[in-house]
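Protein chains: 2
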Amino acid sequence: MPSEAQAAPDILSVELARIAQDIDSSFDLLLPVPDDPRRPLVEAMRYAAIGGGKRLRPLLLVATAEMHAVDRDTALRVACAIEAIHVYSLIHDDLPCMDDDDMRHGKPTVHRKFDEATAVLAGDALHAFAFEILSDPMTGGGDPFVRAELIYTLAMASGANGMAGGQMMDMMAESSRFDLPTVTRLQQLKTGALLGAAVEMGAILGRVVPEGRTHLRGFARDVGLAFQIADDLLDAEGDEVAAGKALRKDEAAGKETFLSLLGPQRARAQAEMLVEQAISHLASCGAEADILRALARYVVERDR
Amino acid sequence: MPSEAQAAPDILSVELARIAQDIDSSFDLLLPVPDDPRRPLVEAMRYAAIGGGKRLRPLLLVATAEMHAVDRDTALRVACAIEAIHVYSLIHDDLPCMDDDDMRHGKPTVHRKFDEATAVLAGDALHAFAFEILSDPMTGGGDPFVRAELIYTLAMASGANGMAGGQMMDMMAESSRFDLPTVTRLQQLKTGALLGAAVEMGAILGRVVPEGRTHLRGFARDVGLAFQIADDLLDAEGDEVAAGKALRKDEAAGKETFLSLLGPQRARAQAEMLVEQAISHLASCGAEADILRALARYVVERDR
Chain E
1 MPSEAQAAPD ILSVELARIA QDIDSSFDLL LPVPDDPRRP LVEAMRYAAI
51 GGGKRLRPLL LVATAEMHAV DRDTALRVAC AIEAIHVYSL IHDDLPCMDD
101 DDMRHGKPTV HRKFDEATAV LAGDALHAFA FEILSDPMTG GGDPFVRAEL
151 IYTLAMASGA NGMAGGQMMD MMAESSRFDL PTVTRLQQLK TGALLGAAVE
201 MGAILGRVVP EGRTHLRGFA RDVGLAFQIA DDLLDAEGDE VAAGKALRKD
251 EAAGKETFLS LLGPQRARAQ AEMLVEQAIS HLASCGAEAD ILRALARYVV
301 ERDR
Chain H
1 MPSEAQAAPD ILSVELARIA QDIDSSFDLL LPVPDDPRRP LVEAMRYAAI
51 GGGKRLRPLL LVATAEMHAV DRDTALRVAC AIEAIHVYSL IHDDLPCMDD
101 DDMRHGKPTV HRKFDEATAV LAGDALHAFA FEILSDPMTG GGDPFVRAEL
151 IYTLAMASGA NGMAGGQMMD MMAESSRFDL PTVTRLQQLK TGALLGAAVE
201 MGAILGRVVP EGRTHLRGFA RDVGLAFQIA DDLLDAEGDE VAAGKALRKD
251 EAAGKETFLS LLGPQRARAQ AEMLVEQAIS HLASCGAEAD ILRALARYVV
301 ERDR
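Residue numbers (the numbering used here), protein chains in the order written: chain E, 1 to 304; chain H, 1 to 304.
The set of hints was computed from the structure by calculation and includes no laboratory data.
As the structure is a prediction and not an experimental result, all values here were calculated from the model.
A portion of the hints provided could be inaccurate.
Unchecked claim - Here are the computed lysine to any residue pairs in the SDA-like style, where the Cα-Cα straight-line distance is at most 20 Å: (1) 107(E) - 52(E); (2) 113(E) - 175(H); (3) 113(H) - 175(E); (4) 107(E) - 303(E); (5) 54(H) - 22(H); (6) 107(E) - 221(E); (7) 113(H) - 43(H); (8) 113(H) - 97(E); (9) 113(H) - 172(E); (10) 113(E) - 98(H); (11) 113(E) - 249(H); (12) 113(E) - 97(H); (13) 54(H) - 90(H); (14) 54(H) - 20(H); (15) 249(E) - 96(E); (16) 107(H) - 35(H); (17) 54(E) - 68(E); (18) 249(H) - 184(H); (19) 113(H) - 141(E); (20) 113(E) - 172(H); (21) 113(H) - 113(E); (22) 249(H) - 272(H).
Construct the entire structure; sequences and hints are all you get.
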């Protein structure tokens, strides 16, 4: 009955709105503004962390954790850590010496609202904040094995062998002619590693043993690539107001992307194929994986 | 017999040379250059991390750990993590939007040798690298409680409530007239927190219970402040070639420092008093604390 389906908001819209609210209130609680000269630093951290973004990584983490009967508050705390890493990377990416962006999530970037030095420091402080949260004795239900595994997963996904390595490759892409395998590797590091870590950390909280995470890893890998192809398409065809940031940057920078290498038709088909493949990894799961399935479809259908 | 003492190198010179070599070879092993477009990132990390600096934090950590019968290789691994945090903070501090420095450890700063974007990323990647090392299952002799406590200590010491918070206060110092208690607080965060973490992490590795760390914390606090006063004096009176970096920056920036607030004579007397007070915290320790005692004297006598 399509009329009923249209009247009631779908499962994913509800979950996206709920995670956005939960992450905002968690950051609000975890980042009190100090009454001393550190005030602008924490204000800049809050400005970047609260009230923006799709919260895809937190939702991936919380949905995976809840599939394995993890208490929502326990998962939300860890979700704030991975989102803090994502937010710090956006602050540094937007700097004049990197992508030099003026708008992010529909408002001025941190270095435009504050200044460059505060933006560098706010990114660094959010980076440390992620590990403060994860290493807090309260995190992961008090189990130090769980804490140590969460920290290792996030550190590996964000460093030179993960996100930061992918960003370096992305910088090199402007002066090189990357082929499809190299662009795939770049994107697996730049965005795939952290999206994969979100699912992995949800599974760690759920005490799924590493051998039991194969289908979740396959899911995350395919969703990550589909996400990036959709990002390329949005950059070329999307609406700047809906996106809340500058677009048409890949072509201007002369970078090879999935889109430039495949063309729009094959890129779109590839993204859709990856989403179906991602969902097929969850064949052994029941209705408890419906949010992950809906999320996989969302990454290629979104307009921002 | 002063003639004999002069002929044989003193205990601290030997230890400083040894830790410098050990840290260099550890970073060399831990940071292999990848044969892909991430190469400039890892080259920049190695450029900053290898072959420079006094390695005070590693020596504080290793000396404290060895006082408590910790195997040197176990301590060195953890020392690389804290030094990686220190090195990342120097890379970001030197950026044009921060202190805009051209020289560090007698060679061009990372953004001068490479470029600004690579410097931002190399700092971020070294930051993540510190937590990769600490959360590795091999770290801390395989005990996850030890790993989690090490990570918590380092994250707290480097974030908004530690080093990054102190750097923000330092930026605010240019446009404010800080009094002595505020400058003391600033320096306790900016440099004291990480120096304190070095001693604390050595004690954690040595399985000293928190209540047993009081004298070590007192030692670290006093050494940290003495270190900073000595830094102020070096900035005003030191030799740029020996220091390997630009000096006379505090006065030019119009910042209140220990030196501007106390004057050179009282500042020097205060630093010497703090060193004696630091050493007095170790009264219950025997010869096993001699390196820490020598290190406390060194921080006010050094020329770089």
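The hints, checked one at a time:
1. A C-alpha spacing of about 9 Å is found between residue 107(E) and residue 52(E), which places the hinted pair at or below 20 Å, so the restraint holds.
2. Between the alpha carbons of residue 113(E) and residue 175(H) the distance comes to roughly 19 Å, so the proposed pair stays at or under 20 Å and holds.
3. Restraint check for residue 113(H) and residue 175(E): satisfied, since their Cα atoms lie roughly 19 Å apart, inside the 20 Å limit.
4. Distance restraint check for residue 107(E) and residue 303(E): the Cα-Cα separation of roughly 17 Å lies within the 20 Å cut-off, and the hinted pair is therefore satisfied.
5. Restraint check for residue 54(H) and residue 22(H): satisfied, since their Cα atoms lie roughly 12 Å apart, inside the 20 Å limit.
6. Between the alpha carbons of residue 107(E) and residue 221(E) the distance comes to roughly 31 Å, so the proposed pair goes past 20 Å and is violated.
7. For the hint linking residue 113(H) to residue 43(H), the alpha-carbon distance of about 11 Å falls within 20 Å, and the restraint holds.
8. Taking the CA atoms of residue 113(H) and residue 97(E), the gap is near 15 Å; set against the 20 Å cutoff, the hint holds.
9. With a CA separation close to 17 Å, the supplied pair residue 113(H) and residue 172(E) stays within the 20 Å bound.
10. The suggested pairing of residue 113(E) with residue 98(H) holds, with an alpha-carbon distance near 17 Å, which does not exceed 20 Å.
11. Proximity of residue 113(E) to residue 249(H) is assessed by CA-CA distance (about 27 Å); at most 20 Å being required, the pair is judged violated.
12. The hinted pair formed by residue 113(E) and residue 97(H) meets the criterion: a straight-line CA distance of about 15 Å does not exceed 20 Å.
13. Among the hinted pairs, residue 54(H) with residue 90(H) is consistent with the structure: their alpha-carbon atoms are about 13 Å apart, no more than 20 Å.
14. A hinted pair counts as satisfied when its Cα atoms are at most 20 Å apart, and residue 54(H) with residue 20(H) qualifies at roughly 7 Å.
15. Between residue 249(E) and residue 96(E) the alpha-carbon distance is near 14 Å, which keeps this suggested pair within the 20 Å criterion.
16. Taking the CA atoms of residue 107(H) and residue 35(H), the gap is about 26 Å. The hint is violated against a cut of 20 Å.
17. As the CA atoms of residue 54(E) and residue 68(E) are separated by approximately 23 Å, the hinted pair breaks the 20 Å bound.
18. For the hint pairing residue 249(H) with residue 184(H), the CA-to-CA distance comes to about 19 Å; that is within 20 Å, so the pair holds.
19. Distance check on the hinted pair: residue 113(H) and residue 141(E) sit about 46 Å apart at the alpha-carbon level, beyond 20 Å; violated.
20. A hinted pair counts as satisfied when its Cα atoms are at most 20 Å apart, and residue 113(E) with residue 172(H) qualifies at roughly 17 Å.
21. This hinted pair does not check out: residue 113(H) and residue 113(E) have alpha carbons roughly 30 Å apart, beyond 20 Å.
22. For the hint pairing residue 249(H) with residue 272(H), the CA-to-CA distance comes to about 23 Å; that exceeds 20 Å, so the pair is violated.
In summary, the numbered hints that this structure violates are 6, 11, 16, 17, 19, 21 and 22.
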